[in-house]
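Chemist: The residues making up each chain are set out below.
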Amino acid sequence: EPEVTQTPSHQVTQMGQEVILRCVPISNHLYFYWYRQILGQKVEFLVSFYNNEISEKSEIFDDQFSVERPDGSNFTLKIRSTKLEDSAMYFCATQTRRGDTQYFGPGTRLTVL
Amino acid sequence: DAKTTQPTSMDCAEGRAANLPCNHSTISGNEYVYWYRQIHSQGPQYIIHGLKNNETNEMASLIITEDRKSSTLILPHATLRDTAVYYCIVRVADDYKLSFGAGTTVTVRA
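Just so you know, the protein sequences line up as chains G and E, in that order. Going by my numbering, the residue at position 89 of the first sequence is 89; the numbering climbs one at a time, nothing skipped. Count along the second sequence starting at 1, add 1000, and that's the number in my numbering.
Since the hints were made in silico from the structure, they are not lab data. Possibly wrong hints are sitting among the right ones.
To be verified - Simulated crosslink set (DSSO-like; lysine-lysine; CA at most 27 Å straight-line):
#1 E/K1052 <-> E/K1003
#2 G/K78 <-> G/K42
#3 E/K1052 <-> E/K1069
#4 G/K42 <-> G/K57
#5 G/K78 <-> E/K1003
#6 G/K78 <-> E/K1097
#7 E/K1097 <-> G/K42
#8 E/K1003 <-> G/K57
#9 G/K83 <-> G/K57
#10 E/K1003 <-> E/K1069
#11 G/K42 <-> G/K83
#12 G/K42 <-> E/K1003
#13 E/K1052 <-> E/K1097
#14 E/K1069 <-> E/K1097
#15 E/K1097 <-> E/K1003
#16 G/K78 <-> G/K57
#17 E/K1003 <-> G/K83
#18 E/K1097 <-> G/K57
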């Protein structure tokens, strides 16, 4: 069964450093998402991406965040200058078309020191 | 803005059916009911979804009331591996995001 994969599984970084989180979507999926979950809190939507454009983003997704699909397969989330409060699990999700079921990856645990 | 209401937690005996309720009294005609679960801190796992008819797949059954104001997820034979947080989510058909609430923490006991 096809799965969404994410790398790395755990990333530790110093405050102020840039991090890139990677996701490999299911092969025929065209819509891509990032969500995050701070420890003990709800899963929160960050951004949706389709056809090389952001289709929707939340208030959390400020100028420190960016997304791209650099090579037609990977889907990345970049945090330009990490803050302590960026420490969270980051989940990628993908779907075939708008409104279809979203499938999630296993997540990347980001720890900012 | 929570569109769904779920109990905070519930216990279930291994091998028995687990019935997870969800209230969505303000649901609109074009909104689907989705169920996901999250085991520990793993990525949310899709379980099942429906619009107005009852649905069944290899994981669970979804029973939606006729007025669509509530639904029940049924895990027919709960196992210890079904221990997780279960999320009931209402979503417009062409919406992008999923809006997660706090969910129901289900503990399956031997």
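Chemist: Would you mind marking each hint as holding or not holding in the structure?
Modeler: Evaluated hints:
no.	hint	verdict
1	E/K1052 <-> E/K1003	17 Å, holds
2	G/K78 <-> G/K42	21 Å, holds
3	E/K1052 <-> E/K1069	10 Å, holds
4	G/K42 <-> G/K57	17 Å, holds
5	G/K78 <-> E/K1003	31 Å, violated
6	G/K78 <-> E/K1097	20 Å, holds
7	E/K1097 <-> G/K42	14 Å, holds
8	E/K1003 <-> G/K57	20 Å, holds
9	G/K83 <-> G/K57	19 Å, holds
10	E/K1003 <-> E/K1069	11 Å, holds
11	G/K42 <-> G/K83	19 Å, holds
12	G/K42 <-> E/K1003	14 Å, holds
13	E/K1052 <-> E/K1097	21 Å, holds
14	E/K1069 <-> E/K1097	21 Å, holds
15	E/K1097 <-> E/K1003	14 Å, holds
16	G/K78 <-> G/K57	14 Å, holds
17	E/K1003 <-> G/K83	31 Å, violated
18	E/K1097 <-> G/K57	9 Å, holds
Of the hints listed earlier, those the structure fails to meet are numbers 5, 17, in rising order.
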